[in-house]
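So you can see what is in the structure, the chains are spelled out below.
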Amino acid sequence: DAKTTQPTSMDCAEGRAANLPCNHSTISGNEYVYWYRQIHSQGPQYIIHGLKNNETNEMASLIITEDRKSSTLILPHATLRDTAVYYCIARAISSGSARQLTFGSGTQLTVLP
Amino acid sequence: ETGVTQSPTHLIKTRGQQVTLRCSSQSGHNTVSWYQQALGQGPQFIFQYYREEENGRGNFPPRFSGLQFPNYSSELNVNALELDDSALYLCASSHVAQGYNEQFFGPGTRLTVL
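In the order they appear, the protein sequences are chains G and B.
According to our numbering, the first sequence holds residues 1 to 113 in order.
According to our numbering, the second sequence holds residues 1 to 114 in order.
Note that these hints are calculated values from the structure, not bench results.
Quick reminder that beta carbons are idealized off the backbone N, C-alpha and C, glycines included.
Possibly wrong hints are sitting among the right ones.
Said to hold, decoys possible - Under the rule of at most 20 Å between Cα atoms (straight-line distance), these lysine to any residue pairs were calculated in the SDA-like manner:
{"no.": "1", "chain 1": "G", "residue 1": "K52", "chain 2": "G", "residue 2": "I63"}
{"no.": "2", "chain 1": "G", "residue 1": "K3", "chain 2": "G", "residue 2": "K69"}
{"no.": "3", "chain 1": "G", "residue 1": "K3", "chain 2": "B", "residue 2": "Q44"}
{"no.": "4", "chain 1": "G", "residue 1": "K3", "chain 2": "G", "residue 2": "L51"}
{"no.": "5", "chain 1": "G", "residue 1": "K52", "chain 2": "G", "residue 2": "V111"}
{"no.": "6", "chain 1": "G", "residue 1": "K52", "chain 2": "G", "residue 2": "T5"}
{"no.": "7", "chain 1": "G", "residue 1": "K3", "chain 2": "G", "residue 2": "D67"}
{"no.": "8", "chain 1": "G", "residue 1": "K3", "chain 2": "B", "residue 2": "G58"}
{"no.": "9", "chain 1": "G", "residue 1": "K3", "chain 2": "B", "residue 2": "G42"}
{"no.": "10", "chain 1": "G", "residue 1": "K69", "chain 2": "G", "residue 2": "N53"}
{"no.": "11", "chain 1": "B", "residue 1": "K13", "chain 2": "B", "residue 2": "E75"}
{"no.": "12", "chain 1": "G", "residue 1": "K3", "chain 2": "G", "residue 2": "A17"}
{"no.": "13", "chain 1": "G", "residue 1": "K69", "chain 2": "G", "residue 2": "N30"}
{"no.": "14", "chain 1": "G", "residue 1": "K3", "chain 2": "B", "residue 2": "Q41"}
{"no.": "15", "chain 1": "B", "residue 1": "K13", "chain 2": "B", "residue 2": "T112"}
{"no.": "16", "chain 1": "B", "residue 1": "K13", "chain 2": "B", "residue 2": "F64"}
{"no.": "17", "chain 1": "G", "residue 1": "K3", "chain 2": "B", "residue 2": "S65"}
{"no.": "18", "chain 1": "G", "residue 1": "K52", "chain 2": "B", "residue 2": "E102"}
{"no.": "19", "chain 1": "G", "residue 1": "K3", "chain 2": "B", "residue 2": "N59"}
{"no.": "20", "chain 1": "G", "residue 1": "K52", "chain 2": "G", "residue 2": "T79"}
To be verified - Some chain B residues well away from chain G (every beta-carbon gap over 12 Å; in silico):
{"no.": "21", "residue": "R15"}
{"no.": "22", "residue": "I46"}
{"no.": "23", "residue": "E52"}
{"no.": "24", "residue": "P62"}
{"no.": "25", "residue": "F64"}
{"no.": "26", "residue": "N77"}
{"no.": "27", "residue": "A80"}
{"no.": "28", "residue": "S86"}
Only chain G is shown next, with the shape it has when bound in the complex (with noise of 0.2 Å):
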């Protein structure tokens, strides 16, 4: 899996929108882009993956470059409890077996009132 590079925290302005980067610039051609979060005590929570489009759900938002070696997720309007570390994960999908997921250290969103 291609290595992932995040700033270490950020803090965000309730309601507003939360940007998290994330830097992956030797992503190979079948490696998708994973977004996770996990709130303090409680296990991973998936949010969001792409290949190469942008891709929007209930959640969040990612936009990926064209390129491919940077990515953001957007958080619409941040609310307190999107407080959490966030882990990019670039990860290959393979047919007939799953594969682990290799965490960095992620991003500390804070969300401030």
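Since the structure of chain G is provided, determine the placement of chain B on it from the hints.
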């Protein structure tokens, strides 16, 4: 649909003892992975089970072992506990499907080794 559950929530052991942690997969999932998360770090992959067989292993010694049962529940066993084994142990289940396998995590078991 029930989510991933783990037991116990917390436990305390002493160095040299053995411990068994349990995980019930989300309904319909046939793959389970175990992760160790030390304080302040991201989860580290221990191993994965698919169809009751180990299907990949991280950089953990043989004293970490596991089982997956026909109902897809799973156990993580750790022998000869060391102080550094103190961590949050996470179980994640998924369903192997063509081209997509999101993992669903349980709340974890907090193990303290004294």
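Cross-check of the supplied hints:
A distance of roughly 9 Å separates the Cα atoms of K52(G) and I63(G); the hinted pair therefore holds under the 20 Å criterion. The straight-line distance between the Cα atoms of K3(G) and K69(G) is roughly 11 Å, inside the 20 Å bound, and the hint therefore holds. With a C-alpha separation of about 15 Å, the suggested pairing of K3(G) with Q44(B) holds against the 20 Å cut-off. Between K3(G) and L51(G) the alpha-carbon distance is near 16 Å, which keeps this suggested pair within the 20 Å criterion.
Of the pairs offered as hints, the one joining K52(G) and V111(G) is violated, with about 28 Å between alpha carbons and a cut-off of 20 Å exceeded. Taken as a hint, the K52(G) and T5(G) pair is honoured in the structure, with Cα atoms around 18 Å apart against an allowance of 20 Å. A distance of roughly 16 Å separates the Cα atoms of K3(G) and D67(G); the hinted pair therefore holds under the 20 Å criterion. In summary, the hint linking K3(G) to G58(B) is supported, as the alpha carbons are separated by about 17 Å, within the 20 Å threshold.
For the hint linking K3(G) to G42(B), the alpha-carbon distance of about 14 Å falls within 20 Å, and the restraint holds. A distance of roughly 13 Å separates the Cα atoms of K69(G) and N53(G); the hinted pair therefore holds under the 20 Å criterion. A distance of roughly 17 Å separates the Cα atoms of K13(B) and E75(B); the hinted pair therefore holds under the 20 Å criterion. Under the criterion of a C-alpha separation no larger than 20 Å, the hint pairing K3(G) with A17(G) is inconsistent with the structure, at around 26 Å.
Straight-line distance between C-alpha atoms of K69(G) and N30(G) comes to about 13 Å, which keeps the hinted pair within the 20 Å bound. Taking the CA atoms of K3(G) and Q41(B), the gap is about 16 Å. The hint holds against a cut of 20 Å. A C-alpha spacing of about 6 Å is found between K13(B) and T112(B), which places the hinted pair at or below 20 Å, so the restraint holds. Between K13(B) and F64(B), the direct Cα distance comes to roughly 15 Å. Compliance with the 20 Å bound is thereby established for this hinted pair.
Restraint check for K3(G) and S65(B): the C-alpha separation of about 28 Å exceeds 20 Å, so the hint is violated. About 18 Å separates the Cα atoms of K52(G) and E102(B), which keeps this hinted pair within 20 Å; it holds. The suggested pairing of K3(G) with N59(B) holds, with an alpha-carbon distance near 17 Å, which does not exceed 20 Å. For the proposed pair K52(G) and T79(G), the alpha carbon gap of about 28 Å is over 20 Å, so the pair is violated.
The claim that R15(B) is not at the interface with chain G holds, since no C-beta of that chain comes within 12 Å of its own (minimum 25 Å). The non-interface label for I46(B) is inconsistent with chain G: the shortest C-beta to C-beta separation is roughly 9 Å, within 12 Å. The non-interface label for E52(B) is consistent with chain G: the shortest C-beta to C-beta separation is roughly 14 Å, beyond 12 Å. Every beta carbon of chain G lies more than 12 Å from that of P62(B), the smallest distance being close to 18 Å; the non-interface claim holds.
For F64(B), the condition that its CB be more than 12 Å from all CB atoms of chain G holds, with the nearest at approximately 14 Å. The Cβ of N77(B) sits about 19 Å from the closest Cβ of chain G, beyond the 12 Å cut-off, so the non-interface label holds. In this structure A80(B) is separated from chain G by more than 12 Å, as the shortest Cβ-Cβ distance comes to about 24 Å. Remark: the non-interface label on S86(B) is consistent with the geometry, its nearest Cβ contact in chain G lying 15 Å away (cut-off 12 Å).
When held up to the earlier numbered hints, the structure conflicts with 5, 12, 17, 20, 22 and fits the remainder.
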